[in-house]
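Student: These are the residues of each chain, in order.
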Amino acid sequence: MKFIDPHIHMSARTTDDYEAMARAGVVAVIEPAFWVGQPRTRAASFQDYFASLVGWERFRAAQFGVQHYCAIGLNAKEANNDRLAAEVLELLPLFLFKERVVAVGEIGFDEISALEEKYFRAQLELAREHGMLVLIHTPHRDKKAGTLRSMEICEEHGLAPSRVIVDHNNEETVAEVLRRGYWAAFTIYPKTKMGNERMVEVLRRYGPERIIVDSSSDWGVSDPLAVPKTATLMLERGLPAAHVEAACYGNALAAYGQSGQMRAQDWSEPQPLDQSRLFEGNSVLRGQEPRIEDPRVIR
Amino acid sequence: MENSEVAPAALLSRWLRARLDAATMAWIEDNRARVTAGAPERDFYAAFGMAARRVGAEPLRLGAEELEAAARLDGWRPESWRRDEAARALLLLALPSEPDGEFRRRVERLFDCADLRESVALYRALPLLPRPGEWLGRAGEGLRSNIVDVFEAVAHHSPYPRRHFPQPLWNQMILKALFIGSPLDPILGLDERRNPTLGAMLENYAAERRAAGRPVPLELWRALGFEQPARSGE
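In order, the protein sequence lines correspond to chains X and G. Under this note's numbering, the residues of the first sequence are numbered 1 to 299, in order. Under this note's numbering, the residues of the second sequence are numbered 1 to 234, in order.
This is chain G alone, in the form it adopts within the complex (with noise of 0.2 Å):
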């Protein structure tokens, strides 16, 4: 996103000061001022983990304006993001992205020590921080979560998969999301990363379901790119 006109964090602090009351937003402006000023480190952990006290967890509710400005940054749709998730993400895009190690180090560590819906946020944030190919190793790593809602956070809504992941992960997230029964629909880029690995993988995960008496998810068909179910697994 780094050619985009405006930037991430320019959206999500105008959608958080349309809804938060002023001495909330205040906090956060305050927390991402001193953040930038490089404010000792356990004080950026602490903000970052104090967020969801502060703003709670309500859904954004985006308007359809704000998500068409959202959708200019390289189709990103931040539709279920929620309150404490761009406080947190505001918080991140704070951190000074130089010295690079630095920047990495500290946002690994909230990945390490991350609460459930830290994670979600962490994840969610992937496609907004400065040099986003650099996070698929942790993208890879929120996909594995047996955590649904970490796993969406990674695969839902999010121009990063389409974006930056190779041909094997992308697979993988499409599979394991039918696995887990988690919608495709929200997968952005479904139709244009289509492959035939992904098609014969789809296949033989079909008829491994049939083999075992258990139904195909009809959104299998969808993957493969019919329209409609082409023939029962029934």
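Next up, chain X with everything else stripped away, as it sits in the complex (with noise of 0.2 Å):
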């Protein structure tokens, strides 16, 4: 089975992680600009993370035959810097119509601030002058009101809740998020999201229609295969492989195909540029081979 992880931090992440993605059959990745961990105290270093983003990310994903896209935003934590969130609000155009940007985002809320809302609107904004999809950020404290708030937001902006990913979802918020037209991402994560035995439930519960799995990977205690390992145990269970299929792979497609930058034939006919660049472009492993056969010997 292939399968996409439609909201994972790679640029956190190491060739390993790349490795042992594609050797489970992930054969394409969206990273959400986000936060790095800390705040940033500059726009510069927005820019060299967005130019990161499109850059350097994609040629490494590259290499080992993984496809990658981002989405472009400011994050809700940020955005409670004022300053410096409007001069990321105008660093934005410059990277949001880029080959492989699929949306904007990942942005919503974090405190549920009143700041965090004035950036919401304003990037929401953006989206629908340009005809961009949204990827919603659920806050993980207060995160039932916090989703239903987020929804309404883009409501009133008139937003098609069908060109929106509604993301972080758990089971007190899928009803209303599916209720409404929205596509429910869910992150398998330990701890603070969610669990895949619970995964495995919901998709049981809701059916495949507009649910999607990703693991939000990143710096922190995570993991690059939950979407594979979430799938594997799907099965395991009983569910359909046809359901499971839409929930790993089909519906992130659908749902980011629609931004017209993101093909199945990118991944099944891969361009003679990248092809080419896929095992023997060496940089990143200056000079070695990007798969190690043998892990005792290094030459």
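Simulated from the structure, these hints should not be mistaken for laboratory data. Quantities reported herein were computed from a predicted structural model and do not represent experimental measurements. Worth double-checking, as some hints may not be accurate.
[Claimed, not checked] In silico contact screen, one side only, chain X against chain G (beta carbon under 8 Å); selected entries:
id	residue
1	Arg40
2	Ala43
3	Gln47
4	Tyr49
5	Ala51
6	Val54
7	Phe59
8	Pro93
9	Leu94
10	Phe97
11	Lys98
12	Glu117
[Claimed, not checked] Output of the computed footprint for chain X on chain G, the stretches with three or more beta carbons under 8 Å from beta carbons of chain X:
id	region
13	43-53
14	117-131
15	197-203
We put the beta carbon where it would ideally sit given N, CA and C, even for glycine.
If you follow the hints, you should be able to join the two separate chains into one complex; please do so.
Tutor: The structure is reproduced here in structure tokens:
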């Protein structure tokens, strides 16, 4: 089975992770812009971060046969620094129209503060104006209220729910998100978000329509194989393969494919340019082969 | 390329016109005209970014006559150029070249925010820019990239290194090409820019490879000026 991890912060991960993901069948990843674990102090840091998402990280992924896409946006936490946030907002149009930028994201609420709302709305306007998809990060605290508020604001700005992916759902939020017509994404992340046994039951209960599984793997204790592992568990526990495939591959492609920037041909028929670089472009490993056959010998 | 009879923009435009549908070509021409007429800065950046979505990344596959016309521009060999690169070069060349500070600021901004394909387009366009010698620092930056496509956008089929690189930068380019396994043959000026310092660097590199039990790249001998390997390094 092929997989897409439509929310993962590969910049924080190693080449070992790319190798393991490719081996497990992950053909494509989407890396939403977010915070880097501590607050940035200059807009230029955001510029270099965004540039790395469309540049170096894309190249790094391709070397392991993984197609890399991204979402560009100002995350909720850093929206609380008003001066900085205003400057970052000015930067966004420089990046949003680039190839393989599939959405404005991840944006939304953290503390559900007034400044978060101000920059959430400003970015929704940008998405509406340019016909872009939106990836919403729902807050980890006061989640149910924050999720509802996020959807109400999207509707105030006239965004079609079918063009908005609401992420980090749980058993308490999923019904309303689906009822309103949004894509409902679930993050399999130990302790703070979903466990994959719970995910099996969510899929069993709600069926495969508009349900998306991701890892949001980052610099914390998290698992870049969460999507393939969850799929395996789903199959073991008797869910139909077609439902598993929809939640772990097909729905992500259908949702983000609306951007016109992500197509199954990208991995079924890689561009000659990418193909020639897949395994012979050796600079990440500085002259070594990307695949290590005998782990004891380093040449 | 200031003394050329045909400006590079005229060639790029002609090549694209022969390959694109009318609506796509109209989009390019419309944006060129607006950039030349002083369109707002953000519109210029947006058009540059969107060019790939509009024209795609098909290779141009230039014909013999087209390549001959290009070669008259200081030996330019755009044989591996793609459509998005040509469209982006046209947008760059549409930017008013005066005042210099403003031209420079905008192009630097593009470099700073470039994605993979944009970086390739920008580095490939260096020899076509007004006052190309002023972009030496950028060219050096491109050579330092670990992204092979970016390195080759500077080094391959371009008259820029031969014309503008001082010897240390030239020598670094040759040595790095060997180091990352990028072919030397597409580098223009390989023979005329050969120098004793480079020779010594290459011989040291060969010795280092042998000491490590690694093969010496055959092309190293080509860089030293031998047609064939003088003696196997193995």
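Student: Indicate, hint by hint, whether the structure satisfies it.
Tutor: Each hint, compared with the structure:
no., hint, verdict
1, Arg40, "16 Å, violated"
2, Ala43, "12 Å, violated"
3, Gln47, "6 Å, holds"
4, Tyr49, "11 Å, violated"
5, Ala51, "5 Å, holds"
6, Val54, "4 Å, holds"
7, Phe59, "5 Å, holds"
8, Pro93, "6 Å, holds"
9, Leu94, "5 Å, holds"
10, Phe97, "4 Å, holds"
11, Lys98, "5 Å, holds"
12, Glu117, "25 Å, violated"
13, 43-53, "holds (count 6)"
14, 117-131, "holds (count 3)"
15, 197-203, "violated (count 0)"
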